[in-house]
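S.K.: The lines below spell out each chain.
Number of protein chains: 2
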Amino acid sequence: MKDERSSFPARLKTNAVAVEALLETLLGPAVGTGEIARPANLLGAMRHGVLNGGKRLRPFLVAESTALLGGDAEAALRTGAALECIHCYSLVHDDLPAMDDDDMRRGKPTVHVAFDEATAILAGDSLLTFAFDIVAAPETALSDRQKTTLVLALARAAGHGGMAGGQALDLAAEKSAPDEAGIVLLQSMKTGALIRFACEAGAIIADAPAEDRRRLRAFGDKIGLAFQLADDLLDLTADAAIVGKATGKDAARGKGTLVSLHGQPWAERRLESLVAEAEGLLEPYGPRSAILAETARFIANRRN
Amino acid sequence: MKDERSSFPARLKTNAVAVEALLETLLGPAVGTGEIARPANLLGAMRHGVLNGGKRLRPFLVAESTALLGGDAEAALRTGAALECIHCYSLVHDDLPAMDDDDMRRGKPTVHVAFDEATAILAGDSLLTFAFDIVAAPETALSDRQKTTLVLALARAAGHGGMAGGQALDLAAEKSAPDEAGIVLLQSMKTGALIRFACEAGAIIADAPAEDRRRLRAFGDKIGLAFQLADDLLDLTADAAIVGKATGKDAARGKGTLVSLHGQPWAERRLESLVAEAEGLLEPYGPRSAILAETARFIANRRN
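Taken in order, these protein sequences are the chains called A and B. Position one of the first sequence corresponds to residue 1 (the UniProt record's numbering), numbered consecutively onward. Position one of the second sequence corresponds to residue 1 (the UniProt record's numbering), numbered consecutively onward.
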């Protein structure tokens, strides 16, 4: 029997290439999607924002949670691409001068630097809107019921009760430091919501029972917490050249994290227990879930 | 027989009140929509952006095109509210310093003035996202097929091949004046796309034949052109106190419009023929379509 664990980096890479290729096609010159015209400059800014060589971790989670439950891989790829549009729009807007004011991301100029601020705002808006286009489009081979479920779950993960709400809490945290519960809520919304959706999406795409959807969502919750904790550790310890963006920013802004609150050793122990809890949630699926378990460990141990 | 024409202002007002009440509820403190938490400041900015006492013309078009074809009024109201969220998000982002840099709208401070720039960006993002939440939510009593069709049409009307693309063309027009075809394309995307959707939505909600959907979309196209032409005339002639926002801006920016290209008398004749063409498209529906015909005349003759 093939050891699925050893193929994790290859599968992550393969899926990232497929996501990049799909986004390249969807935002390429050849596609007409019922629009009147697609202004070249705006399209260029959207491409700059989304075709950025990212790890495509969220689409990978969609793909693997779908595969776990026997869903359609092509539909998972399209849903993953939609999710990546939303993740990347949030980065484009987050980098704006009025928000985090970052000039570089993944070693490239951010969208408002490469284009201009107005174009970056519109490119973010357009990527967000396009996510719903991709899910609802006829090319996504799912039932209308599945599409409606995905649209609703995605809108709630991304909106004012999810990611965007978490960003608003993040802005507020720079003015008045939240307590531990406040930090957990902020992170659960800002970073957690899209990761939970990514895992939950597999159950929707596979038309799996509600119990699977709950279980994968809980798994997404654990790895989302791990993701943020690893991020906070990286911000504290890592080299900007490795991470590809400015580090040490949290401390410089006096922004509280669980790491600053409890210290690095606590954070490392907590990461281990989150991974264990995530693996525990996968138990009913047996060896088939090895890739998702490995993803949880990768997220906890990532160095960029 | 009741003269439906005379009831136009009352119906416009009644629908606006219903839209405002629904948005007030949807963005009120009492509603839990599957979110984790809704940060008060962000919610306040969203409310400031969308509960602005507008005419709610787009929701009215959804309501009346739905009524014309016998669709469900409550579903039309919810779809109209979703559309208004998108219209209002575009105003919030358009008013930002990096875009049009407007301090006032409808006699009130714009969102980035009343709150701050970062919050205005997030409030716009959240209103845009919430539109898809509203359409896909279980409370919208439509089939999943209808919801998917609405989501797709709305995303395309709002996205880079529609409204957002039109805004990008508008930015470009300030640097290099477009020719007549360029102006028409810009307006067809920036203003026209949402108005076409508003009319087309009625056919989707009523589950009407494709011919009705095409016809209402064509009607939306005519009144969208009329809307923009009336807007350009207003910008040239009206008093800022009546319009409620800065006027004369197009000329001040050297921005070409069809009015600046062909003059006011031409524009007034063109408005008349657009109304006639719009009315012609309604002919098969007989007297039932009187309200929509009156809406076309209202749009052409509006003074604010």
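In case anyone wonders, no lab produced these hints; they're calculated from the structure. Just to be clear, a hint being listed does not mean it is correct.
The list cannot tell twin chains apart, which means a pair is met if one copy fits it or any two copies do.
[Claimed, not checked] No more than 20 Å apart at the CA atoms, straight line, and that leaves these computed lysine to any residue pairs for SDA-like:
{"#": "1", "residue 1": "Lys108", "residue 2": "Pro265"}
{"#": "2", "residue 1": "Lys108", "residue 2": "Gly256"}
{"#": "3", "residue 1": "Lys255", "residue 2": "Pro287"}
{"#": "4", "residue 1": "Lys175", "residue 2": "Gly44"}
{"#": "5", "residue 1": "Lys175", "residue 2": "Asp116"}
{"#": "6", "residue 1": "Lys175", "residue 2": "Leu43"}
{"#": "7", "residue 1": "Lys13", "residue 2": "Pro265"}
{"#": "8", "residue 1": "Lys255", "residue 2": "Glu272"}
{"#": "9", "residue 1": "Lys13", "residue 2": "Glu268"}
{"#": "10", "residue 1": "Lys175", "residue 2": "Ala114"}
{"#": "11", "residue 1": "Lys175", "residue 2": "Asp207"}
{"#": "12", "residue 1": "Lys55", "residue 2": "Glu74"}
{"#": "13", "residue 1": "Lys108", "residue 2": "Thr237"}
{"#": "14", "residue 1": "Lys13", "residue 2": "Arg297"}
{"#": "15", "residue 1": "Lys255", "residue 2": "Asn41"}
{"#": "16", "residue 1": "Lys175", "residue 2": "Ala40"}
{"#": "17", "residue 1": "Lys108", "residue 2": "Ala16"}
{"#": "18", "residue 1": "Lys255", "residue 2": "Glu279"}
{"#": "19", "residue 1": "Lys175", "residue 2": "Arg217"}
S.K.: Go through the numbered hints given earlier and state which of them the structure violates, listing their numbers in rising order.
M.R.: 1, 2, 3, 7, 8, 9, 11, 13, 18, 19
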